[in-house]
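Undergrad: So the chains spell out like this:
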Amino acid sequence: MSNSQFALDISGLRKSFDRPVVIDLELKVKAGEFYALLGPNGAGKTTILRMVAGLLRQDAGSISVLGIDTARDPIAARQIVAWVSDEPMVYDRLTPLEYLEFVAGLWRIDAREAERHSNELIDWLGLRPHANERCGGFSKGMLQKVALAGALVHDPRLIILDEPLTGLDAGSARQVKDVLKQKVASGVTVIMTTHILEVAERMAERIGVINHGRLVAEGTLAELRTRIGRETTLEEIFLDLVAQKEADLATEAAA
Amino acid sequence: MSLAPATLSWFAAHEFRLAWRDWLAVMTAGKRVRGIVLFGVLALFYIGLHLFANALMAPWMAAGIGPDKATLVTVTGTGFLFWTVMLSQALESITRAYYARSDLDLILSSPASSARVFAVRTSATAFATVLLACLLASPIINTLAAHDGPKWLAAYGVLAGFGALAAAISVLVTIGLFRTIGPARTRLAAQIIAGIVGAGFVIGIQAVAILSFGNMNRYAVLQSPEFITAAPEVGNLIWLPARAAMGNVADMLLVVALGFGTLALVIRLTSASFAQNAIAAAGVSATRVQQTASTRPFRQASQRHALRVKEWKLLRRDPWLLSQTLMQILYLFPPALFLWVSYGQNAGTYVVVIPVIVMAAGQLAGGLSWLAISGEDAHDLVVTAPISPRAVLIAKIEAVTMSVAAIFAPVLVCLAIASLELAWITAAFVAVSAGSATAIQLWFRVPMRRAMFRRRQVASRVATISEALSSIMWAGAAVLVAGNQWIAALPAILAIVVLAVAYALSPKGKRV
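As you go down the protein sequences, you meet chains A and B in turn.
Taking my numbering, the leading residue of the first sequence gets 873, the next gets one more, and so forth.
Taking my numbering, the leading residue of the second sequence gets 47, the next gets one more, and so forth.
Watch out, some of these pointers could steer you wrong.
Distance condition first, Cα-Cα at most 25 angstroms in a straight line; then the derived SDA-like pairs of lysine to any residue [to be verified]:
1. 359(B) / 1009(A)
2. 902(A) / 432(B)
3. 359(B) / 1005(A)
4. 1012(A) / 363(B)
5. 359(B) / 980(A)
6. 359(B) / 965(A)
7. 359(B) / 1000(A)
8. 359(B) / 959(A)
9. 1012(A) / 328(B)
10. 1012(A) / 361(B)
11. 359(B) / 985(A)
12. 1012(A) / 364(B)
13. 359(B) / 983(A)
14. 1012(A) / 425(B)
15. 1012(A) / 231(B)
16. 359(B) / 982(A)
17. 1012(A) / 335(B)
18. 1012(A) / 151(B)
19. 115(B) / 300(B)
Derived from the structure by calculation, the hints contain no laboratory data.
For clarity, every value in this text was computed on a predicted model and none was experimentally measured.
Please model the entire structure based on the sequences and the hints provided.
TA: Structure, rendered in structure tokens:
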């Protein structure tokens, strides 16, 4: 594994579907950092993260995870990355423990170590009473916790989460946030998209704002406040930045 | 829409619009040319069915069709075959009306009458059942009408009456299941009953034919002098549907009135309980299934083995698949019985079982392959795992292959006891047929949730048709090879052409 100072290094990234969705994106996230990626619906956040996770191919540009080029060595990159989507990727007819055993098999984790870690995660996320129930009847929050346990069972160095707190109750959201904080404290990098701006405000060390496929602003909360020139909440900063970008685009279109 | 909202006709118009758009989307996939081509192909196929029916019934029609006991037995037997298929289809559709959640939550939470929704959906099921039965039976009815007079068109009325009766019985069976075994088991039980009803009569008369006459022709029983002699006299009420189908208008009207009258009565009596049962069915998805707490430690496994074990666990725990596999095994019962009865005779007598086995293998492999390859609930997880897509596919194909082998091995062993040579030939064609179905599913793979299995056949018409055609061609080739016929090359070549066309039409290079 490379000892690159960047957990994620994106350069000149482009992706189009029927229209450009990501345009010449430059993004760097330091190792051990908690990074929040914000943006309005359809801004391109999920597309960017799906390309990082290897779920979409980029049209141009490069993505490097801890020094590993995801296009050149996708298997090595996947070994150290975990992806948690807003729709939990869990099998209805497996129990959480069976699911974790399967994930451990896919990531080639030593069985004994995987079992120990799985039980730890099951306890950590409050899933013990349901460890031997099939996931089919679980609530969204429980499924999300099983998916998160699956993402953590192989000790990833970079965790990418797409709206992980959507649909979670306060207790479950707290558990997930605590787990993520502990992971960051242990040196793991977390990149998360969220529409819950308070979460980004409280948890993220740096925040990136995406709009129309471009990174329109980036920095710590203090840096973003300085940029718009007033002491305000992240919500106000976000709305200002998005409105500014919309105005720029409208001017460009008029010209 | 100018109809008064939430009335029976308003709901009917809403259902019709949804069904029409769904059908158009399935048939054309939004492409007009594709729709026209598909329509042309289906029209040709339909004409072909008429020609086939004509060839099949020519000797019977040439001998003259009179209202004698032999004719009444044949018409009643054939009609009953159609009716079991109608009942099977209606049972599946009615169960779906309770469990499908697409818009039911919206409707049930609205102030509109759920009884009206139920009345419309049950009527729609009856209509779809009648339509399918009419389409299936039309080559026979039209051929008879062309040769023996338009009086045979009365058979369409009989089909409509019996279609309505099938829908009514299906409603009663479903509600009976809800009350006796509860909503958690009703869907699976209804699927199994539908399968057994659909196949039961065919398998039953085939079994009787094998045991009594030593052949698998299901009409052997219906045409046997002993059976005809033992049947009730011509004036008996049991022949009323047959007389109606043969052009007795009064009898036909009676069948129609009985069928639709029963359906109306059943809808009236049961529609009030629809909301209650549908809500109970909705609660099933929130029911948790407790697995026996495992005390065994995690097993060290290769990535491919982990994938195989996962597939086997999911296949084993899939109630739909279990019912379908049961059906495949049911269909294998007549050939197995035939083998058992024919054991010790000349190998040539049981050559007829080979195509059944080869076709069943192709169909089962197609279903299993879809579940394993396309029906991946955790698609993102598998794609983001440090394993090459090729290795994932190999593991899934291995899981399917081993499952098919486990199901067909006992049948092949039975065949080997009778004839080793035929067993080898059958095994080879089972492998080719299953392999072809798997390959087609591989080329047309589209990630979907396993619960979307029903959409499998509409997701790609090309894949569905190719899968069926290749199974049929390989079955034909197998039986001809077993009979030492050089013409076996023809269906084999056609099967390869089908595969080549399917590959050429498959959406290559559009996936990660």
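Undergrad: Against this structure, judge whether each hint is valid.
TA: Cross-check of the supplied hints:
The straight-line distance between the Cα atoms of residue 359(B) and residue 1009(A) is roughly 17 angstroms, inside the 25 angstroms bound, and the hint therefore holds. For the hint linking residue 902(A) to residue 432(B), the alpha-carbon distance of about 23 angstroms falls within 25 angstroms, and the restraint holds. Taken as a hint, the residue 359(B) and residue 1005(A) pair is honoured in the structure, with Cα atoms around 14 angstroms apart against an allowance of 25 angstroms. A hinted pair counts as satisfied when its Cα atoms are at most 25 angstroms apart, and residue 1012(A) with residue 363(B) qualifies at roughly 22 angstroms.
Pair hint residue 359(B) plus residue 980(A) holds up; C-alpha atoms about 19 angstroms apart against a cutoff of 25 angstroms. With a CA separation close to 8 angstroms, the supplied pair residue 359(B) and residue 965(A) stays within the 25 angstroms bound. Our distance criterion of 25 angstroms between C-alpha atoms is met by residue 359(B) and residue 1000(A), whose separation comes to about 22 angstroms. With a C-alpha separation of about 22 angstroms, the suggested pair residue 359(B) and residue 959(A) falls inside the 25 angstroms cut-off, and the hint holds.
Of the pairs offered as hints, the one joining residue 1012(A) and residue 328(B) holds, with about 16 angstroms between alpha carbons and a cut-off of 25 angstroms not exceeded. Taken as a hint, the residue 1012(A) and residue 361(B) pair is honoured in the structure, with Cα atoms around 24 angstroms apart against an allowance of 25 angstroms. With a CA separation close to 23 angstroms, the supplied pair residue 359(B) and residue 985(A) stays within the 25 angstroms bound. Pair hint residue 1012(A) plus residue 364(B) holds up; C-alpha atoms about 22 angstroms apart against a cutoff of 25 angstroms.
Taking the CA atoms of residue 359(B) and residue 983(A), the gap is near 19 angstroms; set against the 25 angstroms cutoff, the hint holds. Only pairs whose Cα atoms come within 25 angstroms are accepted, and residue 1012(A) paired with residue 425(B) is accepted, the gap being roughly 18 angstroms. Proximity of residue 1012(A) to residue 231(B) is assessed by CA-CA distance (about 24 angstroms); at most 25 angstroms being required, the pair is judged to hold. In summary, the hint linking residue 359(B) to residue 982(A) is supported, as the alpha carbons are separated by about 21 angstroms, within the 25 angstroms threshold.
With a CA separation close to 16 angstroms, the supplied pair residue 1012(A) and residue 335(B) stays within the 25 angstroms bound. Under the criterion of a C-alpha separation no larger than 25 angstroms, the hint pairing residue 1012(A) with residue 151(B) is consistent with the structure, at around 18 angstroms. Of the pairs offered as hints, the one joining residue 115(B) and residue 300(B) holds, with about 21 angstroms between alpha carbons and a cut-off of 25 angstroms not exceeded.
When held up to the earlier numbered hints, the structure conflicts with none and fits them all.
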